[in-house]
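Chemist: Following the hints, put chain B in place on chain A, whose structure we already have.
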Amino acid sequence: MVIKLILILSLMLGYLNASVYQKECISCHQELPVSIDKYFYRYLLKYSSETKVKAAINQYLQNPSRDKTVMADAFINRFGLKKKSKLNQKELESAIHEYWETYKIFGKLK
Amino acid sequence: MLALKSSVIDLKHSEKKTLIGFFCLYIALCIVILIFISFVYYKFQKDFMLSQKRINLQNYANEFIVKLKQLHINFDKNQLYPRDSRFKTAIYDSDKKLIFSTLKSTEVELDNIVYLHNKSIHFIKEPESYYLGARYVILEIEDDQEWLFTLQQQILIFTSTGFIFMLLIGYFLLRLFLKPMRDAMHLLDRFIKDTTHELNTPISAIVANIEMINIDELDEKLARKIRRIDIGAKTVSNIYQDLTYLTLNNQIMSQNEKIDVSQIILQRVEYFTTLANVKHIEFNLNIEKDVFLFIDVKKLSKLIDNLISNAIKYNKINGFINVELKQNYLSIEDSGKGIKKEQLQRLYDRYSRFDKTVGGFGIGLNIVSMICKEYNLNIQIDSQIKIGTKVELQW
Numbered sequence: 074m075v076i077k078l079i080l081i082l083s084l085m086l087g088y089l090n091a092s093v094y095q096k097e098c099i100s101c102h103q104e105l106p107v108s109i110d111k112y113f114y115r116y117l118l119k120y121s122s123e124t125k126v127k128a129a130i131n132q133y134l135q136n137p138s139r140d141k142t143v144m145a146d147a148f149i150n151r152f153g154l155k156k157k158s159k160l161n162q163k164e165l166e167s168a169i170h171e172y173w174e175t176y177k178i179f180g181k182l183k
Numbered sequence: 003m004l005a006l007k008s009s010v011i012d013l014k015h016s017e018k019k020t021l022i023g024f025f026c027l028y029i030a031l032c033i034v035i036l037i038f039i040s041f042v043y044y045k046f047q048k049d050f051m052l053s054q055k056r057i058n059l060q061n062y063a064n065e066f067i068v069k070l071k072q073l074h075i076n077f078d079k080n081q082l083y084p085r086d087s088r089f090k091t092a093i094y095d096s097d098k099k100l101i102f103s104t105l106k107s108t109e110v111e112l113d114n115i116v117y118l119h120n121k122s123i124h125f126i127k128e129p130e131s132y133y134l135g136a137r138y139v140i141l142e143i144e145d146d147q148e149w150l151f152t153l154q155q156q157i158l159i160f161t162s163t164g165f166i167f168m169l170l171i172g173y174f175l176l177r178l179f180l181k182p183m184r185d186a187m188h189l190l191d192r193f194i195k196d197t198t199h200e201l202n203t204p205i206s207a208i209v210a211n212i213e214m215i216n217i218d219e220l221d222e223k224l225a226r227k228i229r230r231i232d233i234g235a236k237t238v239s240n241i242y243q244d245l246t247y248l249t250l251n252n253q254i255m256s257q258n259e260k261i262d263v264s265q266i267i268l269q270r271v272e273y274f275t276t277l278a279n280v281k282h283i284e285f286n287l288n289i290e291k292d293v294f295l296f297i298d299v300k301k302l303s304k305l306i307d308n309l310i311s312n313a314i315k316y317n318k319i320n321g322f323i324n325v326e327l328k329q330n331y332l333s334i335e336d337s338g339k340g341i342k343k344e345q346l347q348r349l350y351d352r353y354s355r356f357d358k359t360v361g362g363f364g365i366g367l368n369i370v371s372m373i374c375k376e377y378n379l380n381i382q383i384d385s386q387i388k389i390g391t392k393v394e395l396q397w
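Chains as they are written, first to last, in the working numbering: chain A, 74 to 183; chain B, 3 to 397.
Treat the hints with care, as some may be off.
BS3-like, lysine-lysine: derived pairs with alpha carbons at most 27 angstroms apart [to be verified]: (1) B:69 - A:181; (2) A:125 - B:98; (3) A:141 - A:183; (4) B:291 - B:342; (5) A:127 - B:79; (6) A:156 - A:141; (7) A:177 - B:99; (8) B:79 - B:99; (9) B:99 - A:183; (10) B:90 - B:106; (11) A:141 - A:159; (12) A:183 - B:375; (13) B:127 - A:177.
Here are a few chain A residues that sit away from chain B, every Cβ distance over 12 angstroms (derived from the structure) [claimed, not checked]: (14) 93; (15) 100; (16) 102; (17) 104; (18) 111; (19) 133; (20) 150; (21) 153.
Just so you know, these hints were derived from the structure itself, not from any lab. Every residue gets a Cβ at the ideal spot worked out from N, C-alpha and C, and that includes glycine.
So that you can see chain A by itself, here it is in the shape it has in the complex (with noise of 0.2 angstroms):
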């Protein structure tokens, strides 16, 4: 009983201490069949640069329409678009920089 409380209480100290992306994006994304860093290659394919990615996921998050999204017409029709971002914009910047400094392709290539 005590071990199962603690577990508990563990659980909730982490889910408060970690970040706007670990709780607003990744919560989410773990339940879709597609793994949250494809969406990121997908946008790197079509914008390039950090500013470019950053500043279309930030539009697109903040308004997501068929026209903004980067995924193909299949998985919308399957999935469905995703819905207006609740977070305001500092907290919207902040997972986004984290989603770009996890996934980045500097200084990985060997």
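Modeler: For chain B alone, kept in the frame of chain A given last:
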């Protein structure tokens, strides 16, 4: 035995300067044109070489982009950048930020397509999709520079041939420009030659007859008249000798021998005494004995005659002429009106006269200059306005 020298037109200082100036300008223009043509040819050949290399580079780029695409798809499993022994590569994002590079140099011109960089050729390709975020793919291959070596040889041969050809054209143009000037000089020389030839007999007759008259036997009034005729005849004779020297003697090889300059100077001073007496000019002589010079006696006399004659001609009434002769040195100084500094430069030009109040053709100092040049005599003229002129000769 007398031998004729080749006839050379003695151009004036200003004319020589103009001709040299024209020739320098022409040469400079030729060089500029040749450099321009060489530069255009170099550019053309370089572009031609690059366009040939571009076909290969395009194929390499396509191969590389396929590999980049594979890497993009499998990036979560493999991060090994594709490499090829035939070329080196680099990728940049759309903000021109380097993603990865195997190039020798970090300097790239992303707005260009194909260009030479040091000893490498760079080819820039923009893929349709930005695999791994690569908007710019740069390929680098070594430039063997064989084309440059061939080009350098071609340019060297072309410029040398072109330069020689243009020099020849320049030479003919110069001759063309000189022709009217040469014609004018020849015309004047021919006129003087013809005139002097006609003067020869009457002048010889006058001088010979005056020398035969014994002045001491004549009454004072008649003796004075004869002296005046003597002065006039000597002046005309001197001009006649100058003119014949110019038109004939300067083309004759000199008959050089060891000449006692001291003796010749005394003789010439005595010859000019009558002329000097008219203006009450006093000769102050400081003549060292036994000064010898290896020279043509006629030319030495002509040289001294012209210097003394000028010293008398441009002297003032009651003036003086100082004649000093030492070993390797002769100076003739007068108390005349002097010559302006700017006129000193053109003093030796033929037919140049700065004082037209006295007679003459402006050929005296031209003859002096020619004789000095022939015998390597160093001539120096110093003059001060209203004080006098000093001519110094050193050998």
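Chemist: Going through the earlier hints one by one, which of them does the structure break, listed in rising order?
Modeler: Checked against the structure, the hints that fail are numbers 3, 4, 12 and 18, while the rest are satisfied.
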